[in-house]
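Produce the complete structure using the sequences and hints provided.
Protein chains: 2
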Amino acid sequence: MNDRRYDVTAIGNAIVDVLAQSDDTFLQEHKLPKGTMSLIDALDAERLYGIMGPGVERSGGSAANTAAGIAMLGGNAAFIGKVSDDQLGEVFAHDIRAVGVEFRTPPLTDGLSTARSLIFVTPDAQRTMQTFLGACTAFGPEDVDEELIGQSRVLFLEGYLWDEPRAIDGMRKAARIAKQAGCKVAFTTSDPFCVDRHREEFLELIGGDVDILFANEAEIKSLFQVDDFDQALQRIRGKCEVVALTRSEKGSVVATDGEVHVIDAEKVDVVDTTGAGDAYAAGFLHGYTQRKSLHDCGRLGGLIASEAISHYGARAERDLKQLAAKV
Amino acid sequence: MNDRRYDVTAIGNAIVDVLAQSDDTFLQEHKLPKGTMSLIDALDAERLYGIMGPGVERSGGSAANTAAGIAMLGGNAAFIGKVSDDQLGEVFAHDIRAVGVEFRTPPLTDGLSTARSLIFVTPDAQRTMQTFLGACTAFGPEDVDEELIGQSRVLFLEGYLWDEPRAIDGMRKAARIAKQAGCKVAFTTSDPFCVDRHREEFLELIGGDVDILFANEAEIKSLFQVDDFDQALQRIRGKCEVVALTRSEKGSVVATDGEVHVIDAEKVDVVDTTGAGDAYAAGFLHGYTQRKSLHDCGRLGGLIASEAISHYGARAERDLKQLAAKV
Numbered sequence: 001m002n003d004r005r006y007d008v009t010a011i012g013n014a015i016v017d018v019l020a021q022s023d024d025t026f027l028q029e030h031k032l033p034k035g036t037m038s039l040i041d042a043l044d045a046e047r048l049y050g051i052m053g054p055g056v057e058r059s060g061g062s063a064a065n066t067a068a069g070i071a072m073l074g075g076n077a078a079f080i081g082k083v084s085d086d087q088l089g090e091v092f093a094h095d096i097r098a099v100g101v102e103f104r105t106p107p108l109t110d111g112l113s114t115a116r117s118l119i120f121v122t123p124d125a126q127r128t129m130q131t132f133l134g135a136c137t138a139f140g141p142e143d144v145d146e147e148l149i150g151q152s153r154v155l156f157l158e159g160y161l162w163d164e165p166r167a168i169d170g171m172r173k174a175a176r177i178a179k180q181a182g183c184k185v186a187f188t189t190s191d192p193f194c195v196d197r198h199r200e201e202f203l204e205l206i207g208g209d210v211d212i213l214f215a216n217e218a219e220i221k222s223l224f225q226v227d228d229f230d231q232a233l234q235r236i237r238g239k240c241e242v243v244a245l246t247r248s249e250k251g252s253v254v255a256t257d258g259e260v261h262v263i264d265a266e267k268v269d270v271v272d273t274t275g276a277g278d279a280y281a282a283g284f285l286h287g288y289t290q291r292k293s294l295h296d297c298g299r300l301g302g303l304i305a306s307e308a309i310s311h312y313g314a315r316a317e318r319d320l321k322q323l324a325a326k327v
Numbered sequence: 001m002n003d004r005r006y007d008v009t010a011i012g013n014a015i016v017d018v019l020a021q022s023d024d025t026f027l028q029e030h031k032l033p034k035g036t037m038s039l040i041d042a043l044d045a046e047r048l049y050g051i052m053g054p055g056v057e058r059s060g061g062s063a064a065n066t067a068a069g070i071a072m073l074g075g076n077a078a079f080i081g082k083v084s085d086d087q088l089g090e091v092f093a094h095d096i097r098a099v100g101v102e103f104r105t106p107p108l109t110d111g112l113s114t115a116r117s118l119i120f121v122t123p124d125a126q127r128t129m130q131t132f133l134g135a136c137t138a139f140g141p142e143d144v145d146e147e148l149i150g151q152s153r154v155l156f157l158e159g160y161l162w163d164e165p166r167a168i169d170g171m172r173k174a175a176r177i178a179k180q181a182g183c184k185v186a187f188t189t190s191d192p193f194c195v196d197r198h199r200e201e202f203l204e205l206i207g208g209d210v211d212i213l214f215a216n217e218a219e220i221k222s223l224f225q226v227d228d229f230d231q232a233l234q235r236i237r238g239k240c241e242v243v244a245l246t247r248s249e250k251g252s253v254v255a256t257d258g259e260v261h262v263i264d265a266e267k268v269d270v271v272d273t274t275g276a277g278d279a280y281a282a283g284f285l286h287g288y289t290q291r292k293s294l295h296d297c298g299r300l301g302g303l304i305a306s307e308a309i310s311h312y313g314a315r316a317e318r319d320l321k322q323l324a325a326k327v
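Quick mapping for you: the protein sequence lines, in order, are chains E and V.
Oh and the first sequence: position 260 is 260 in this note's numbering, straight run, nothing missing.
Oh and the second sequence: position 323 is 323 in this note's numbering, straight run, nothing missing.
Hints are supplied without guarantee of correctness; some may be wrong.
Because identical chains share one entry, a pair is satisfied inside a single copy or across any pair of copies.
[Claimed, not checked] Listed below are the simulated DSSO-like cross-link pairs for lysine-lysine, each with C-alpha atoms no more than 30 Å apart in a straight line:
| hint | residue 1 | residue 2 |
| --- | --- | --- |
| 1 | 292 | 326 |
| 2 | 267 | 34 |
| 3 | 239 | 292 |
| 4 | 239 | 179 |
| 5 | 267 | 326 |
If you're looking for bench data, these hints aren't it; they were derived computationally from the structure.
Remember, predicted model here, so these are calculated numbers, not experimental data.
Written out as structure tokens, the structure is:
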């Protein structure tokens, strides 16, 4: 893998996050299912934004966060995703390029605005996301940059993309290019509700093109519709080259056909879990592309995730290279 | 294994526990290392007993507790261990037979009294044990009951026995008989300080005669002198047929050469952790001798351990057969 220009090319929704502190009463009043991501339309986005408390805007998007984390760790990362040629689109492009991620997907010019995710953070550090996809819905196979993928060691895809039919065609094209180019395909199941919406497609994908799978405990249980973690672990093990299952305060389990690593969580005061999974994937994939042991990949993932949850917002606020030196 | 009379024959110290509630100040004042077992002599035992709060006497002993648990689960269990022909010796023999364990080791008649363990339970549910071994120190090869072991599916040995040279000879004899009879050898490392005292012997034993190893997290880390659980797991995996590593609120990890199961802990209000490991071994070995899957063995272990820690004292207070029906 040494002659490639990029460690990881990530494909995902290009989203600007709007974070605001909230509470359980607000979530209940507005019927927002806590801890998950729901899709909303433009009208609902306006309505919710109107009643949301004072917010902080930050560039987000699950796979985009992972690409940003890899760049901040000193890796070479690229991102493919669709913004609009509006102000939030400029913000997104500026921020992801500013951390050193290659981003050259042409912006949409036909009127749909850049995606935003209204994120309600409750005092228990959970985040409840209401996402208006906007320009992301225009992402399709024509946006898949063959040259980028051919120059990458790992292609990273987010499950959220399966919510849009044209994006699925794009993912299939990207995976095909990766396979032909000898680039590993990594995939995150994104969200237990997303798994519920696309269980059959995800199972087929995992049994086929996926080399490296990221899923949290709720997602992997949902995938196999079991209520016990070990049962899910037994079902997924060996289905792809590497599976990395994240378990919040229980750490993570990293498994291949032969190895199983049980990695403890870092001790941290949790402020906001937004982006924990994205950060874990960043740390893990950075370790993986640096040819670290799986034990160290898992530890790096946990370490970067612990940074992400120690502050408000998904992208890192500390020097990740310095942090990673601990592993 | 179907034609054998006993599921498990356990060999260990035959001890009567004296439990009293205590606090950190008392432990510090009397320099008692919290959460561990220390050996004391007859004089210290008298002195400590004199200043101990009001106690409750219960038959104990680590491997004896495991044998009792197996019998209470409906399994056939036997116990080999040395009491004296005094009142506490009668109490011990009565209690273990009353739950259905075969116990026929001849009592000592030469004056050393039956072993007792002064157990100080602090409000954080930890137990600190000061053990006077008494008659247990007289245990030797002549007490190893060849017929019992030859009729057993599993021979279960406790690491605490390695504190007495003649007991070690007894253990070696027992393991040899077991191997010849096609009886599996199970072993518990007992206590991190015990591992520290006998690291080399334990490593040799585990690499040789042991088929089924029980160790808690502190013990397995101590065995390999590493401070990371996963590193210890990688070191121990494959060294014997099955390893069952208990992790308190993190559950347990059960590993063979091919399988690794990550079993969650049962949810329980912890009152007193005395006997948690013994109970886990009981549940696990009962499952094992009933030919349950390793996943179910681990779950049974966790379930029986959760019963043990939900009350004061090591031996079960609930109907274990009913409890086990949950798995």
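Hint check results:
1. 292 <-> 326: Answer is within; shortest intra-copy Cα gap is 13 Å, inter-copy 42 Å.
2. 267 <-> 34: For residue 267 and residue 34, both the intra-copy (24 Å) and inter-copy (23 Å) Cα distances are at most 30 Å.
3. 239 <-> 292: both (22 Å within a copy, 25 Å between copies)
4. 239 <-> 179: For residue 239 and residue 179, the Cα distance is within 30 Å only inside one copy (17 Å; across copies 38 Å).
5. 267 <-> 326: The answer is within: 14 Å in one copy meets 30 Å, while 33 Å across copies does not.
The structure agrees with every numbered hint stated previously.
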